[in-house]
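Engineer: Okay, here's what each chain looks like letter by letter:
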Amino acid sequence: MQYGMIIDLERCVGCHACTIACKAEWEVPVEFNRNWVHRLGPSKVGNELASTYYPGLCNHCAKPPCVEACPADPVEMTFKDTQSGKTATLAVAATWKDPFNGTVQIDKNRCLGCGACAEACPYGARYINPALVDDVSSDGKADKCTYCMPRVEAGLAPACVQTCITNARIFGDLDDPTSEVAKYVVKGAKGLEPKDGAIGPNSRYFGKKKDMTLLFQDHTPELADMGSVKRRAMMAAMVKPAMRKARDLGLLGLAGAMLVKGLTDKKDEST
Amino acid sequence: MPKSATNQHIASLYHFLAQCMHYPDPQWMNEDFFNILYQLLETLGAASEGKEIENTLAQSSDPIEELQIEYTRLFINGFPHVVAPPYASVYMDQSIQGGFALKTLNFYRAKGFLMEESADLPDNLIHELEFLSLLAEEADFEGEEEFLSTLFRPWYKQFCPRVAQETRHPFYRMVVTLIDSFTKEEEEDGFQLNKA
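In order, the protein sequence lines correspond to chains W and F. Position one of the first sequence corresponds to residue 1 (this note's numbering), numbered consecutively onward. Position one of the second sequence corresponds to residue 1 (this note's numbering), numbered consecutively onward.
For the record, the hints were derived by calculation from the structure and aren't laboratory data. Some hints could be false.
Chain F stretches covered by chain W per the calculated footprint, using a threshold of three residues with CB under 8 Å from any CB of chain W [to be verified]: (1) 48-59; (2) 68-79; (3) 107-117; (4) 161-173.
Derived PhoX-like pairs: lysine-lysine, alpha-carbon spacing no greater than 25 Å straight-line [unchecked claim]: (5) Lys157/F / Lys184/F; (6) Lys111/F / Lys51/F; (7) Lys261/W / Lys111/F; (8) Lys261/W / Lys103/F; (9) Lys44/W / Lys63/W; (10) Lys51/F / Lys245/W; (11) Lys97/W / Lys63/W; (12) Lys97/W / Lys245/W; (13) Lys245/W / Lys63/W.
Partial list, computed: chain F residues near chain W (C-beta under 8 Å) [as the list claims (entries may be wrong)]: (14) Ser4; (15) Ala5; (16) Leu40; (17) Thr43; (18) Phe182.
C-beta atoms are modelled at their ideal positions from N, C-alpha and C, and glycine is treated no differently.
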């Protein structure tokens, strides 16, 4: 099973009801988004004028780079298939891809708040919510779209899907050939695969050729340099406690910095 | 790249390392300072190296003066000659304030930074670490990488072993090793303090 979402650009009217519903449902801070709608065009595509929207959210990728980036110590977790009751035990970091429903989830209790996953996500679908702090992280916790799993498990549709006034968002199991989402894939719905990447985004778009061209030309992302993202995150996680103490004690900068941001406040001193 | 806690911690780290390379002064080189250093070493899996520094300091009647003497011998003036002047040009141009210093200054300027009048030469190790801290704070990750690979590592990898081998004080051996580890491009995603 692989949950996925189709966004039918032919139906989307750019009303933002999905972004508002998501914010309300999950108390997403004003400055962050689990989903978004960007207006595209009007732009010339070939000899035509194209105008559409980019409603984006976590793609719950087949090979999610955010999961690989997580530096938290792996622990064994047992997953349960809600349909068959089967279980599987895997060693996972603080974020993982569910082996049964294919969604990418976060354990906020173990999240270090380092931000490596957010930097690794080519879609910008993750953010660090600074309001979520605990003993593990005083920097906040990573957060993102969950495909509304708590709602789905309770038999509801994701909040953005339920609220969409034109039924432009369709949610279901991509592995079930009889599902509406799978039928859209057969018709040509495509995900925004990054340049040089094969991470398999499971939120897919369907629309007129010119609109799809505009969307893909404007919003095909690039993969982050994973080696350095993870290295920096690990480095930061290791030095964090000592550096926080250094800042708290005012120890940094006692010797005086000699480099200054110059171009804006350079004074013309005439002698 | 978003401004994140990761960048903030890395900026603080560069700043702390720059601080370590200043002339020892009890104003900052105090108990708090050493406790932070020990804590840092402990989380990096180098608690025994921290202990070694602690023991060396404890054995001295005036540990700060001892560090000042060693700092002078290593970086300012020594007999028969100074061990390792902390300036890039010394290693890249075989002179002080050579073309490499100018290149470094131009890089600062291109990023919008000027040097205070009281500052040392632009290619001084402390200024370079301060600059890396400022870049990290601004989340200029590409600038950081470029500076490290073109202007920092080429000379630092010559400077570091000189200090590590010649120093008589574990504090400076540890500090230059820390700077080395944090500025080195790692083949893997790991961080390694001890040579393996």
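Engineer: Compare the structure with each hint and give your call.
Structural biologist: Tested hints:
1. 48-59: Our answer is that it is violated, as 0 residues pass the Cβ test (under 8 Å) against chain W, missing three.
2. 68-79: Coverage by chain W is violated here, the residue count being 0 at a Cβ distance below 8 Å.
3. 107-117: holds (count 7)
4. 161-173: violated (count 0)
5. Lys157/F / Lys184/F: Measuring from Cα to Cα gives roughly 9 Å; hence the hint holds.
6. Lys111/F / Lys51/F: Since the Cα atoms of Lys111/F and Lys51/F sit roughly 40 Å apart, the hinted pair is violated (cutoff 25 Å).
7. Lys261/W / Lys111/F: holds, 9 Å
8. Lys261/W / Lys103/F: Given pair Lys261/W, Lys103/F holds - Cα atoms ~18 Å apart, limit 25 Å.
9. Lys44/W / Lys63/W: Between Lys44/W and Lys63/W the Cα gap is close to 34 Å, so the pair fails against 25 Å, i.e. violated.
10. Lys51/F / Lys245/W: holds, 19 Å
11. Lys97/W / Lys63/W: holds, 8 Å
12. Lys97/W / Lys245/W: violated, 35 Å
13. Lys245/W / Lys63/W: With a Cα-Cα distance of about 38 Å, the restraint between Lys245/W and Lys63/W is violated, given a limit of 25 Å.
14. Ser4: Check passed: Cβ of Ser4/F comes within 4 Å of chain W, closer than 8 Å.
15. Ala5: holds, 4 Å
16. Leu40: holds, 4 Å
17. Thr43: holds, 5 Å
18. Phe182: Holds, because the Cβ-Cβ distance from Phe182/F to chain W comes to roughly 7 Å (cut-off 8 Å).
In summary, the numbered hints that this structure violates are 1, 2, 4, 6, 9, 12, 13.
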